[in-house]
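S.K.: Here the protein sequences come in this chain order: G and L. The first sequence lines up with residues 4 to 397 when you count with my numbering. The second sequence lines up with residues 2 to 130 when you count with my numbering.
Hints are computed from structural coordinates only; laboratory data are not their basis. The model shown is predicted, which means the values in this text are computed figures rather than measured ones. Ideal Cβ placement from N, Cα and C applies to all residues, glycine included. Take the hints with a grain of salt, since some may be wrong.
List of simulated lysine to aspartate or glutamate pairs, DMTMM-like, C-alpha gap at most 25 Å [claimed, not checked]:
| id | chain 1 | residue 1 | chain 2 | residue 2 |
| --- | --- | --- | --- | --- |
| 1 | G | Lys382 | L | Glu71 |
| 2 | G | Lys176 | G | Asp146 |
| 3 | L | Lys6 | G | Glu394 |
| 4 | G | Lys393 | L | Asp117 |
| 5 | L | Lys53 | G | Glu394 |
| 6 | G | Lys393 | L | Asp51 |
| 7 | G | Lys176 | G | Glu141 |
| 8 | G | Lys382 | L | Glu9 |
| 9 | L | Lys83 | L | Asp51 |
One side only, chain G facing chain L, incomplete, derived with CB under 8 Å [what the hints assert, rightly or not]:
| id | residue |
| --- | --- |
| 10 | Tyr9 |
| 11 | Ser308 |
| 12 | Gly347 |
| 13 | His350 |
| 14 | Glu351 |
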Amino acid sequence: MMPAKYIYMDHAAGRPVDPRIIEAMLPYEKSFYFNPSSVHSSGQGARKALEESRAKVAELMNAPKKESIIFTSGATESNNMAIKGVAYRNKDRGTHIITSSIEHMSVLNPCKFLATRGFKVSFLPVDKYGFVDLESLEKELTDETILVSIMYANGEIGTIQPIKEISKIVHGKKAQLHVDATAANGQVPIDVKDEGIDLLTLSSNDMYGPQGVGALYLGDGVRMEPIIHGGGQERGLRSGTENISGIVGLGKAAEIARMEMRAESERLSKLRDKLIKGLLETVPYSFLNGHPTKRLPNNVAVRYSFIEGESILLNLDMMGVAASSGSACTAKTLEPSHALIAIGLKHEEAHGSLLFTLGKQNNEEEADYVISIMPDIVKRLRAMSPLTPKELMR
Amino acid sequence: MYSEKVMEHFRNPQNMGEIPDADGVGTVGNPVCGDLMTMYIKIKDNRITDIKFKTFGCGAAIATSSMTTEMAKGKTLEEAMKISRANVAEELGGLPPIKMHCSNLAADALHAAIEDYYKKQKAGKGNEN
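Next comes chain G alone, as it looks inside the complex:
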């Protein structure tokens, strides 16, 4: 039986904006169109809203001062700015950058670009859970290394990296640590001071804020070039008139996340574990991607042998459930997700991967429904697959 309401479990792809955040943004959309660079009082009102949001974002990550926060158009821009900005500004000190093999494309591709512009880039391997290999990190770090970029958590397999440990190793040399916290922010408490993070990327939508706005935290010792040049907004590091309503939304999202994250993450972790257990118990040849406990509270990443992810998604959609997959066929390229390959999955295993990312609206009843429909979907597709072993067909 179809659920009364469509079940949305694809929060890594996009989140509904929290009504309280829309409420906070509305005045700035409707009648508060002023430019914070203007001298008149209306412009100064916009400036005030901008700075209040900056303080809220700083507070969420325990940044020592609000001036450390630069607003951007989202995580992709923040990552580009961090990596290219630091690389260009510090190339007199060194030209070596280290990152991992499971980073988001907005980290990997700027690094690959820099590799064509005279920089040397090392891509660290990960283990079967997706943890960055710390011995390789120590081995690769030299006096030439200026930047290490490691994600806080991977959105596709959920694994949370030991950032504090990584930071200690990075700071053993003169390098600085950039952390892409897009997937983790708003789910896991992050403390840039305590964890020794020099640059941190976050986006608004991952905290139920509007799309198209994000931020980059810059620690005191960080020197960087802007990648967008212009009128000198955001301390000259990110020119362009500020997206006031978006930034107000991000500020509100940070404020709500700071207040509610702990309780919500605890609730989601239980829901996550229930879903993982139920999905794996009811279907043979099913496996968890990523680490069982050191994972994002909302991340349920599983894989089924002998069948392909997109077919599972289409079946789920027909049954009223939205999920995602790391499968080749759903992406713009024909390769399976690089993160799934990096943790050692064979291509055909990666193709059978399925990702549920939970959010505020999801509840136990929805998890029960998903668990109840999955065995039949898998059975149906396995009956169709030439790869399914005969004994499973009986």
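Assemble the complex: chain G is given as a structure, and chain L must be docked to it using the hints.
M.R.: For chain L alone, kept in the frame of chain G given last:
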């Protein structure tokens, strides 16, 4: 993303399964790429009297398999050899461009099954037909 026709075949695939005593079997694709198809055909008097498929792959892979079996059933071998990937896609009301190459393999699997049948004929097997 997919046409209604593709979804119809995905929801209710036609001729899914195996033919244990098939006269020709053709497999194309590779699980590494995410698409693998096997076609089974029964031949009588130079015509495809029965055809079944098994497919590992995405929605397009399953729908093109189903559509190809529908198109090939009852056709002479010569007619079936003329069914192309483009014909199959057209009958389905089009496929997303990225799926045209990676998942639209069913016509190739059909041709491989027919070639397998010819080969077996030449080898002197399957003379009972």
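S.K.: Are the Cα atoms of G/Lys382 and L/Glu71 separated by 25 Å or less?
M.R.: holds (24 Å)
S.K.: Against the 25 Å threshold, does the CA-CA distance of G/Lys393 and L/Asp51 hold or violate the hint?
M.R.: holds (22 Å)
S.K.: If you take the shortest Cβ to Cβ gap from G/Ser308 to chain L, is it below 8 Å?
M.R.: violated (10 Å)
S.K.: So, as I understand it, the hint says G/His350 touches chain L; can you test that by seeing if any CB pair is closer than 8 Å?
M.R.: Holds. Min distance 4 Å.
S.K.: Given the hinted pair L/Lys53 and G/Glu394, is their alpha-carbon gap at most 25 Å?
M.R.: With a Cα-Cα distance of about 20 Å, the restraint between L/Lys53 and G/Glu394 holds, given a limit of 25 Å.
S.K.: Verify the interface restraint on G/Tyr9: the C-beta must sit less than 8 Å from at least one C-beta of chain L.
M.R.: Since the shortest Cβ distance to chain L is 17 Å, the answer is violated.
S.K.: Take the C-alpha atoms of L/Lys83 and L/Asp51, compute the straight-line distance between them, and say whether it is at most 25 Å.
M.R.: holds (18 Å)
S.K.: Taking only the CA atoms, is the gap from G/Lys393 to L/Asp117 under or equal to 25 Å?
M.R.: holds (23 Å)
S.K.: Does the alpha-carbon distance linking L/Lys6 and G/Glu394 stay inside the 25 Å limit?
M.R.: violated (33 Å)
S.K.: Should the interface hint for G/Glu351 be scored as holding, given a Cβ-Cβ cut-off of 8 Å against chain L?
M.R.: Since the shortest Cβ distance to chain L is 4 Å, the answer is holds.
S.K.: Are G/Gly347 and chain L close enough, Cβ to Cβ, to be under 8 Å, as the hint says?
M.R.: Since the shortest Cβ distance to chain L is 15 Å, the answer is violated.
S.K.: Is it true that the CA of G/Lys176 sits at most 25 Å from the CA of G/Glu141?
M.R.: Between G/Lys176 and G/Glu141 the Cα gap is close to 9 Å, so the pair holds against 25 Å.
In summary, the structure is inconsistent with hints 3, 10, 11, 12 from the numbered list given earlier, while agreeing with the others.
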